[in-house]
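Protein chains: 2
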Amino acid sequence: MRKSRKIPKATITRISRYCRQLEFLEFDGYRMVSSEKLAWSCQVNPAQVRKDLGYFGEFGVRGVGYDVRELMREIKKILAVNRDWNMGIVGVGNLGSAILNNQNFPDRGFFFVAAFDNDPQKIGRTVFPGLEIKPIEELATTVINSEVEIGVIATPASQAQRIAELFLEANVNAILNFSPTQIIVHDYCLVENIDFTIKLDVLTYKLKHELNHNGRVQG
Amino acid sequence: MRKSRKIPKATITRISRYCRQLEFLEFDGYRMVSSEKLAWSCQVNPAQVRKDLGYFGEFGVRGVGYDVRELMREIKKILAVNRDWNMGIVGVGNLGSAILNNQNFPDRGFFFVAAFDNDPQKIGRTVFPGLEIKPIEELATTVINSEVEIGVIATPASQAQRIAELFLEANVNAILNFSPTQIIVHDYCLVENIDFTIKLDVLTYKLKHELNHNGRVQG
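Protein chains in written order, with the numbering used here: chain E, 357 to 575; chain R, 357 to 575.
Bear in mind the hints are in silico, worked out from the structure with no lab data behind them. Accuracy of the hints is not assured; some may be wrong.
One copy or two, it doesn't matter: identical chains are merged, so the pair holds either way.
[Stated by the list, open to error] When the alpha-carbon atoms are kept at most 30 Å apart in a straight line, the in silico DSS-like pairs for lysine-lysine are as follows:
| id | residue 1 | residue 2 |
| --- | --- | --- |
| 1 | 393 | 365 |
| 2 | 433 | 490 |
| 3 | 478 | 393 |
| 4 | 478 | 432 |
| 5 | 362 | 490 |
| 6 | 490 | 407 |
| 7 | 478 | 564 |
| 8 | 407 | 478 |
| 9 | 433 | 478 |
| 10 | 393 | 433 |
| 11 | 490 | 365 |
| 12 | 564 | 432 |
| 13 | 555 | 362 |
| 14 | 478 | 365 |
| 15 | 393 | 490 |
| 16 | 362 | 478 |
| 17 | 432 | 490 |
| 18 | 433 | 362 |
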């Protein structure tokens, strides 16, 4: 892989979106796709698609386009989603339950193998996909035994930092954080945040500044 | 406001995160904060904080820092979250229910005033916060009567495009899309996507390329 040190995160996010749209195109029976069509379906411009993919090598044939399946396979290799991943979740409230029941995770090779909560009413109950909710005190031993690779935090904000530290102590260095707070971690830990209200802030910013004043937000 | 045409979306996302952390700092009793401390709590560098805020004016005092409340108030004005917003949601499954019950929305001035589903078992039921689930056929009239400003899509991917078009026909030009697909809309419509699995792809990419090869992803 070329230039791994300079790849913008926005590129990684976009190639993940390209992969999603390639899945839909394959489902619709397409074997080849032009960068124009792929770009349109992802709401970016074709030059962006070519530039993003260009970080990783030469794909497609000029004037012909991309082989849908082959490009999908290459992107999955780049994203390291050409294999399955084990996940553990802490917090089995409304959001945690919705995450556990979300079919998009197993469809893409992300499998929950452990679930934790600190509510005595919930501990011991079985949740989809057949996991017994364990107390947080058992996190360290359970994530090792279940070979958890990605920790998912769906707790209130006040608990998130402590849970992140428990995951890290158990050598789970990648965290998907749904709680609406920033987790402070070392450089060698990876955290991706999914904060719904931050997306809403971006929307309302655009509603005010783009739709009223026609100023455009980049990217 | 200056330079509205050139503000990167990443800046908007970060100032929203600054606002979150300022809320925590205020809760902890801080009245002033240095750009170093604010930056650390948001896991960015201080120059980034100063650059991001610099798009919108002069904040803080050199050598002293920012007034926590004042900066929060200014950011909320920039993000247009210094007022309440009405939202309507389509899809009251596991995820939709979790979204409706998520206290972070009303805490930040985002209120659900309408909920829709196409499941006859669900239509007519009352969900938190006291909304009667309506059939999708009533979306157009309901969003007008309830003054919905932001549409939230929590349906399966196959329904998302159609629901987006219904929102747009009813003059709801801002959409928060939780379905794992790209919505194709005109330039004058605003869509923010929250696709959980794309965040996971970014994590697995980093797990493979950063932690193994020590190549860093920017941004």
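Hint by hint, here is what the structure shows:
In the homo-oligomer, the alpha carbons of residue 393 and residue 365 lie at most 30 Å apart both inside one protomer (23 Å) and across protomers (24 Å), since each shortest distance falls under that limit. Taking identical chains as interchangeable, the C-alpha atoms of residue 433 and residue 490 are never at most 30 Å apart, the minima being 34 Å within one chain and 43 Å between chains. In this assembly of identical chains, residue 478 and residue 393 lie within 30 Å of each other by CA distance neither inside one copy nor across copies; the values are 48 Å within and 38 Å between. In this assembly of identical chains, residue 478 and residue 432 lie within 30 Å of each other by CA distance neither inside one copy nor across copies; the values are 36 Å within and 38 Å between.
Within a single copy, residue 362 and residue 490 get their C-alpha atoms no closer than 41 Å, and across copies no closer than 49 Å, so neither meets the 30 Å cut-off. Proximity of residue 490 to residue 407 under the C-alpha cut-off of 30 Å is found in neither arrangement, the shortest distances being 46 Å within a copy and 45 Å between copies. Neither within a single protomer nor between protomers do residue 478 and residue 564 lie at most 30 Å apart by alpha-carbon distance, with minima of 43 Å and 35 Å respectively. In this assembly of identical chains, the alpha carbons of residue 407 and residue 478 never lie at most 30 Å apart, being 48 Å within a copy and 46 Å across copies at closest.
In the homo-oligomer, the alpha carbons of residue 433 and residue 478 never lie at most 30 Å apart, since the shortest distance is 38 Å inside one protomer and 41 Å across protomers. In this homomeric assembly, residue 393 and residue 433 come within 30 Å of each other (Cα to Cα) only inside a single copy, at 22 Å, whereas the closest approach across copies is 38 Å. Taking the closest pair of Cα atoms, residue 490 and residue 365 never come within 30 Å of each other, the shortest separation being 34 Å inside a single copy and 39 Å across copies. Taking identical chains as interchangeable, the C-alpha atoms of residue 564 and residue 432 lie at most 30 Å apart only when they sit on different chains, with a minimum of 12 Å there against 37 Å within one chain.
In this homomeric assembly, residue 555 and residue 362 come within 30 Å of each other (Cα to Cα) both inside a single copy, at 26 Å, and across copies, at 19 Å. With identical chains, the CA atoms of residue 478 and residue 365 are never at most 30 Å apart, being 37 Å at best within one copy and 40 Å at best between copies. In this assembly of identical chains, the alpha carbons of residue 393 and residue 490 never lie at most 30 Å apart, being 47 Å within a copy and 36 Å across copies at closest. For the homomeric pair residue 362 and residue 478, neither the shortest alpha-carbon distance inside one copy (45 Å) nor that between copies (49 Å) is at most 30 Å.
Taking the shortest alpha-carbon separations for residue 432 and residue 490, neither the intra-copy value of 33 Å nor the inter-copy value of 40 Å comes in at or below 30 Å. Proximity of residue 433 and residue 362 under a CA criterion of 30 Å is satisfied intra-copy only: 19 Å inside one chain copy versus 34 Å between copies.
Checked against the numbered hints listed earlier, the structure breaks hints 2, 3, 4, 5, 6, 7, 8, 9, 11, 14, 15, 16 and 17; every other hint is satisfied.
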